[in-house]
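Protein chains in written order, with the numbering used here: chain C, 1 to 748; chain H, 1 to 177.
No lab work stands behind these hints, which were simulated from the structure alone.
Wrong hints could be hidden among the right ones.
Some but not every residue of chain H turned toward chain C, in silico, with C-beta under 8 Å [stated by the list, open to error]:
1) Cys-15
2) Thr-24
3) Ala-97
4) Ser-98
5) Tyr-101
6) Asp-143
7) Leu-144
8) Asp-145
9) Pro-147
The list that follows gives simulated cross-link-like pairs (lysine-lysine, DSS-like), each with its CA atoms no further than 30 Å apart [to be verified]:
10) C:Lys-491 - C:Lys-520
11) C:Lys-520 - C:Lys-136
12) H:Lys-156 - C:Lys-657
13) C:Lys-115 - C:Lys-132
14) H:Lys-148 - H:Lys-88
15) C:Lys-313 - H:Lys-10
16) C:Lys-519 - C:Lys-64
17) C:Lys-64 - H:Lys-159
18) C:Lys-233 - H:Lys-88
19) H:Lys-124 - C:Lys-556
20) H:Lys-10 - C:Lys-646
21) H:Lys-123 - C:Lys-252
22) H:Lys-156 - C:Lys-233
23) H:Lys-161 - C:Lys-68
24) C:Lys-135 - C:Lys-519
25) H:Lys-159 - C:Lys-233
26) C:Lys-502 - C:Lys-519
27) H:Lys-161 - C:Lys-69
28) H:Lys-153 - H:Lys-123
29) C:Lys-110 - C:Lys-556
30) H:Lys-157 - C:Lys-69
31) C:Lys-64 - H:Lys-124
32) C:Lys-252 - H:Lys-159
33) C:Lys-519 - H:Lys-153
This structure is a prediction, so every number in the text was calculated from the model and none was measured.
C-beta atoms are modelled at their ideal positions from N, C-alpha and C, and glycine is treated no differently.
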Amino acid sequence: MANRRDFIKISGLGLAGMAMGGAAYKALANTFYNTPETDGISNLNRTPTYCEICFWKCAGWVYKNDEKKIWKIVGNEEDLNSNGRFCPRGTGGVGMYYDEDRLKTPLIRKGERGKQYFREATWDEALDYVAKGMKKIADEHGSECVALFNHGSGGDYFGNLIKAFGSPNIAAPSYAQCRGPREVAFLSTFGEGVESPERTDIRDTKCLVLIGSHIGENMHNGQVQEMSDAIDKGASIITVDPRFSTAASKSKFWLPIKPSTDLALLLAWIHVLIYEEWYDKDYVEKYTFGFDQLKEHVKNMTPEWAYGITTIKPDVIRATAKEMANASPAVIVHPGRHVTWYGDDTQRLRAVAILNAILGSWGRRGGFYRPEKVSVPSYPHPPYPEPKRTWREAFPGQFPLAGLALASGICDATIPSLSRDCSIRGWIVDGTNLIETLPNQQNTINAIQNLDLLVVVDTMPMEITGWADVVLPECTYLERYDMIRTGPHRKPQIALRMPAAKPEYNTKPASWIAKELSKKLGLEEYFAWNSMEELLDWQFKKLGTSLEEMQRIGVKTFEREYDDLYFGEDEEVEFVTNTGKIELYSTEMEDAGFDPMPKYTPHEEPPEGFYRLIYGRGPAHTFSRTANNPNLTDIMDENKLWVNPKVAKEWGLQNGKEIWLKNQDGVVSQFPIKVRVTERIRWDSVYMVHGFGHDDKRLKRCYGKGASDANLITRVHIDPIMGGTGMRGNFVTFLYEPEPSIIKEKSI
Amino acid sequence: MRYAMAVDTKKCVGCSDCVVACQTENNVPIGYCRDWVVEVMDGTYPQLEIEIRSERCNHCANSPCVRCCPTGASHFSDGGIVLVTHNKCIGCGACIASCPYDARYTHPDGYVDKCTFCIHRVKKGQQPACVAVCPTKCMYFGDLDDPKSDVSKILKKRKFKTLIPEAGTDPKLYFLI
Ligand code: SF4
Ligand code: SF4
Ligand code: SF4
């Protein structure tokens, strides 16, 4: 070993960065520490919250210092999502509050879209503008033509508003751009989804298999913690990834697979388990449907067959299958989270589900547990009007198994087409930077240019706000109440978020914005509560607690209703599938006209001189949401392009060299990216962390830092089963000098 | 009493949460840090190995920084913790130059600052902020003279190393390997 050594100080800045950062912070501290007054805001030195930096929603405490200014955020020990330990993003959440680049007051567009001409407006003016725009669309085209995109807590209020308004078109990019295929695959196999937080019993597993999933770089808090617990207890980890991820470095087996061939490996594993008779026979016999068909289906999918496709040696495929079998049923073939890769993702996740099923891990300790959650009563309101049409009608006969609306679908349904008599005309975008989140930026911008109304609610001037007609500045989660957090876990729990400080500047909580808008739209009966305190107290009392108690404890744990975290010995289980069994052979897929069992199909390979663009997460950031956060840019302020040394040599690239990237469609990255030459990436791929390369100058700390992968993802492979947008089929080459992008026709 | 810390390189994922938590807990200005994370990779694809370490002041028993401080600002406190008295420090930087671990920095207010092992928390019976936040629970803190402390127990159980042992500083920051 040791012929190449890569020494990197991940955090801990150079001197130049230090001097500037320090000065900026001092200025910030003087300008923006306003002592919160009491009115409604607690003067306690610690107030409960749950984190809004990612979807994991860890519950914790916001501490104030002696001057009653927000000081630090730490986890609540009672909280099952965090066990009292926040991840770096959550710990750095204070930076979101102190970020001097925050949106400060409502803005109304003055010039054309995409140019930054705004005027400041009062809330009344801005909301009038929005309400008028929405009414006009409803009168002329129908209220379904207004759609909501959301990510995070604001969705509760805007969702209520949009449904009351008469539109069913509510989408979160977290479905079609992220975990949708996994949910559909597990639903069709087990009759239940994986959900969030994932029901993986990593804590007690003996073998954890990660397919491209980079726990430890993605800081899905509970998963990271439990993986560490499992390592402590001697669990083995098998990582399948073309990149030597952090998780790979903790693994007993690292399978450096050729990208896009995972399904072949999964099928070969299924083959080995069945033909070596290493599968869980009792479990399969008792709970599953279609084993004989599956056995026949994978007959020729031998490790030797998979070797030719995946480059993983047959003996390694056998050894890893044995490793899983030895651990069974305490084994998890992890379903991953961001799984929209190649367009056949639902089928790949079906193979993952099948593998778990024959290993007997679903419903077993160390496999997948049965979560429970508290159902929070909703405040009484009139029934929602029946919408006349939905986004589905824009795609007749397509994506039959999509369980939720597709953000990409709503985007496409905004671009007028001869085949449709009506398009979406208005978007309300809350807390999601669609420019970076949806694949194919040009397509998104095209859709935006066809809108009559674009309203963006955000805390930061993200790129999407630059395209808005009206920008509504939301206060951060540290300055507001929000709906009760409830989510599936080993035990049901609820958590409270309350303001630790008054909203800074002229910002408002989403709950206030939606309620005020409801008044202007004549929909106030859907927001019948007078204040969030009143609403929350009403809900808490129905759950046997109160706002006052929750302010003191932050998190409340309930006993499970059923004592069935795992399947009981000899328990008869009725699965919510057509056959009432775990469907190895999916009747649902078959009925919808898809392969009832997954098949491997080869995907396109990089052209000569191009490399597959792989993207992922860095532990200190959540997409673009955290990109400008002063505490977190301190840890990581730009992304780098990982290049294998062989490739670097061929191109004459050294560490730190700035290059531009050009993709297969001629699109060139807007900003250069620095090269990181490392053995940790395969020679046929390059890697970068997602969420950088911001081009809105109002984001002073992150403007122009690194490159945006979203910018280069112009080719999208749509999953025909549920409409997921596969984004890993893009290839890039290197440019020493920038070149103008040639925007070719959309290439789907 | 001899305070010490051990970091498990087999569990640390290099997330830098320890760095952010230290910054907020100790009001370390943005752009500076008392702890940092290092990643060392060896090998050629696909035969690779990585060691990840969260590093900070080693609270050396034989500490060059205390020895060379002209004003006595750098000193030993309870349990061998090396501290800097801010108002005694003249910011000359002799200690920064003498530290083999590069653990000290000059605060924008002019004095030298570094890890205190969170003595203010330890005195209240709490763990240091970095130890308390670490999502992988890979850090162990306590008194080496107390065989029941977390750090004593883990050092008994696991193989470990220290950094730059040849400097003869007798460091109190251990890395489990
Ligand atoms: S995982 Fe981190 S960012 Fe996500 S909710 Fe928890 S603390 Fe916040
Ligand atoms: S918080 Fe823990 S896992 Fe993260 S870098 Fe620090 S020591 Fe490592
Ligand atoms: S012990 Fe305290 S001061 Fe030292 S690195 Fe950890 S958090 Fe910072």
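Problem set entry | Which numbered hints fail | 3, 4, 5, 6, 7, 8, 9, 10, 12, 14, 16, 17, 18, 21, 23, 27, 29, 30, 33
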